[in-house]
Amino acid sequence: GNSVTQMEGPVTLSEEAFLTINCTYTATGYPSLFWYVQYPGEGLQLLLKATKADDKGSNKGFEATYRKETTSFHLEKGSVQVSDSAVYFCALSVMNSGYSTLTFGKGTMLLVSP
Amino acid sequence: EPEVTQTPSHQVTQMGQEVILRCVPISNHLYFYWYRQILGQKVEFLVSFYNNEISEKSEIFDDQFSVERPDGSNFTLKIRSTKLEDSAMYFCASCRDEGYNEQFFGPGTRLTVL
Chain L
1 GNSVTQMEGP
11 VTLSEEAFLT
21 INCTYTATGY
31 PSLFWYVQYP
41 GEGLQLLLKA
51 TKADDKGSNK
61 GFEATYRKET
71 TSFHLEKGSV
81 QVSDSAVYFC
91 ALSVMNSGYS
101 TLTFGKGTML
111 LVSP
Chain V
115 EPEVTQTPSH
125 QVTQMGQEVI
135 LRCVPISNHL
145 YFYWYRQILG
155 QKVEFLVSFY
165 NNEISEKSEI
175 FDDQFSVERP
185 DGSNFTLKIR
195 STKLEDSAMY
205 FCASCRDEGY
215 NEQFFGPGTR
225 LTVL
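These protein sequence lines map, in sequence, to chains L and V.
Numbered according to our numbering, the first sequence terminates at residue 114, and the numbering increases by one at each position without gaps.
Numbered according to our numbering, the second sequence terminates at residue 228, and the numbering increases by one at each position without gaps.
Derived by calculation from the structure, the hints in this document are not laboratory data.
Everything numeric in this text was worked out from a predicted model, so none of it was measured.
A few of these clues could be false.
Unchecked claim - A few chain L residues that don't get close to chain V, going by computed Cβ distances all over 10 Å: (1) 22; (2) 24; (3) 61; (4) 69; (5) 111.
Unchecked claim - Calculated pairs, SDA-like style, for lysine to any residue (alpha carbon to alpha carbon, straight line, at most 20 Å): (6) 106(L) / 154(V); (7) 156(V) / 203(V); (8) 106(L) / 159(V); (9) 52(L) / 22(L); (10) 171(V) / 94(L); (11) 156(V) / 41(L); (12) 156(V) / 27(L); (13) 60(L) / 39(L); (14) 68(L) / 20(L); (15) 171(V) / 2(L); (16) 197(V) / 228(V); (17) 106(L) / 158(V); (18) 77(L) / 87(L); (19) 197(V) / 226(V); (20) 192(V) / 170(V); (21) 192(V) / 166(V); (22) 171(V) / 182(V); (23) 156(V) / 108(L); (24) 77(L) / 12(L); (25) 106(L) / 224(V); (26) 156(V) / 9(L); (27) 197(V) / 129(V); (28) 106(L) / 201(V); (29) 60(L) / 77(L); (30) 52(L) / 216(V); (31) 192(V) / 203(V); (32) 156(V) / 22(L); (33) 60(L) / 216(V).
Unchecked claim - Covered by chain V, according to a simulated footprint, are these stretches of chain L (three or more residues, beta-carbon under 8 Å): (34) 44-52; (35) 100-109.
Don't be surprised by glycine CBs; every beta carbon is placed ideally from N, CA and C.
Can you make the complete structure from the sequences, with help from the hints?
Spelled out as structure tokens, the structure:
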């Protein structure tokens, strides 16, 4: 089956620190990969995505590269801000008989202090 | 910018009662989803809906659950006889096209079963 494993949180960083949140996956078929972010009290928002191997998704200074050989999609940001504090979810989607659903990891809480 | 809305934001109910969670997807979207997140656990797929019928459902989506699009704008999730373990955050999502296009999520309804 499909599954996503991401690092346990919370991740606590000071402002301007470098961020990495690890994500690995297993999938039957060729998945698309996503990072979603959930700010306090809000729903899930797509942060970035990649649909094929070696693609790099990027948005708001965040990046993740689809690594098929290591089945990974690690999220990185060079300099985090307090406003980046949120829960980050890695997810995959595989087409199945014409339909696709998202399989999520458990989420990693990021706390950024000034 | 169009967004998915959900009501209520928080629902408290007694065990055995029926609840209906409501969602208004983005107006030109064709695919609709319900996910849930039990506190501290991962976001789990429940059901997808297209062309007025269920296209896929998970093991969680048993006979106690049903979905409906009663009037062309609302998309509802009904739990017929709630159990304590149904307490969770329920997210509605919609998607314009199937495949690898973005699923837009609502802010969620927190269901508490006492």
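Each hint tested on the structure:
For residue 22(L), the condition that its CB be more than 10 Å from all CB atoms of chain V holds, with the nearest at approximately 16 Å. Against the 10 Å criterion, residue 24(L) stays outside the reach of chain V, whose nearest CB is about 14 Å from its own CB. Residue-level check passed: residue 61(L) sits 19 Å from the nearest beta carbon of chain V, beyond 10 Å. Listed as a non-interface residue, residue 69(L) keeps its Cβ farther than 10 Å from every Cβ of chain V; the least gap is roughly 21 Å.
With a minimum CB-CB distance of about 16 Å to chain V, residue 111(L) clears the 10 Å threshold, and the non-interface call stands. With a C-alpha separation of about 8 Å, the suggested pairing of residue 106(L) with residue 154(V) holds against the 20 Å cut-off. Among the hinted pairs, residue 156(V) with residue 203(V) is consistent with the structure: their alpha-carbon atoms are about 11 Å apart, no more than 20 Å. Only pairs whose Cα atoms come within 20 Å are accepted, and residue 106(L) paired with residue 159(V) is accepted, the gap being roughly 13 Å.
Restraint check: the Cα-Cα separation between residue 52(L) and residue 22(L) comes to about 18 Å, which is no more than 20 Å; the hinted pair holds. With a C-alpha separation of about 15 Å, the suggested pair residue 171(V) and residue 94(L) falls inside the 20 Å cut-off, and the hint holds. Between residue 156(V) and residue 41(L) the CA atoms are separated by roughly 17 Å; this keeps the pair inside 20 Å, and the hint holds. Simply put, residue 156(V) and residue 27(L) have alpha-carbon atoms about 17 Å apart, close enough for the 20 Å limit, and the pair holds.
Restraint check for residue 60(L) and residue 39(L): the C-alpha separation of about 14 Å stays at or below 20 Å, so the hint holds. For a cut-off of 20 Å, the pair hint linking residue 68(L) to residue 20(L) stands: about 18 Å separates their Cα positions. For the given pair, residue 171(V) sits about 15 Å from residue 2(L) by alpha-carbon distance, which is consistent with the 20 Å threshold. Distance check on the hinted pair: residue 197(V) and residue 228(V) sit about 8 Å apart at the alpha-carbon level, within 20 Å; holds.
Between the alpha carbons of residue 106(L) and residue 158(V) the distance comes to roughly 10 Å, so the proposed pair stays at or under 20 Å and holds. Between residue 77(L) and residue 87(L) the CA atoms are separated by roughly 15 Å; this keeps the pair inside 20 Å, and the hint holds. Only pairs whose Cα atoms come within 20 Å are accepted, and residue 197(V) paired with residue 226(V) is accepted, the gap being roughly 10 Å. As the CA atoms of residue 192(V) and residue 170(V) are separated by approximately 16 Å, the hinted pair is consistent with the 20 Å bound.
As the CA atoms of residue 192(V) and residue 166(V) are separated by approximately 15 Å, the hinted pair is consistent with the 20 Å bound. Distance check on the hinted pair: residue 171(V) and residue 182(V) sit about 14 Å apart at the alpha-carbon level, within 20 Å; holds. Among the hinted pairs, residue 156(V) with residue 108(L) is consistent with the structure: their alpha-carbon atoms are about 10 Å apart, no more than 20 Å. Only pairs whose Cα atoms come within 20 Å are accepted, and residue 77(L) paired with residue 12(L) is accepted, the gap being roughly 14 Å.
Proximity of residue 106(L) to residue 224(V) is assessed by CA-CA distance (about 18 Å); at most 20 Å being required, the pair is judged to hold. Taking the CA atoms of residue 156(V) and residue 9(L), the gap is about 13 Å. The hint holds against a cut of 20 Å. For a cut-off of 20 Å, the pair hint linking residue 197(V) to residue 129(V) stands: about 5 Å separates their Cα positions. For the suggested pair residue 106(L) and residue 201(V), the alpha carbons sit about 17 Å apart, so the restraint of at most 20 Å is met.
Between residue 60(L) and residue 77(L) the CA atoms are separated by roughly 9 Å; this keeps the pair inside 20 Å, and the hint holds. Restraint check for residue 52(L) and residue 216(V): satisfied, since their Cα atoms lie roughly 15 Å apart, inside the 20 Å limit. Under the criterion of a C-alpha separation no larger than 20 Å, the hint pairing residue 192(V) with residue 203(V) is consistent with the structure, at around 14 Å. About 16 Å separates the Cα atoms of residue 156(V) and residue 22(L), which keeps this hinted pair within 20 Å; it holds.
Under the criterion of a C-alpha separation no larger than 20 Å, the hint pairing residue 60(L) with residue 216(V) is consistent with the structure, at around 17 Å. Proximity of the region 44-52 of chain L to chain V, defined as three or more residues with a beta carbon under 8 Å from a beta carbon of that chain, is established by the 5 residues found. Check result for the region 100-109 of chain L against chain V: holds, 8 residues qualifying (beta carbon to beta carbon below 8 Å, three or more required).
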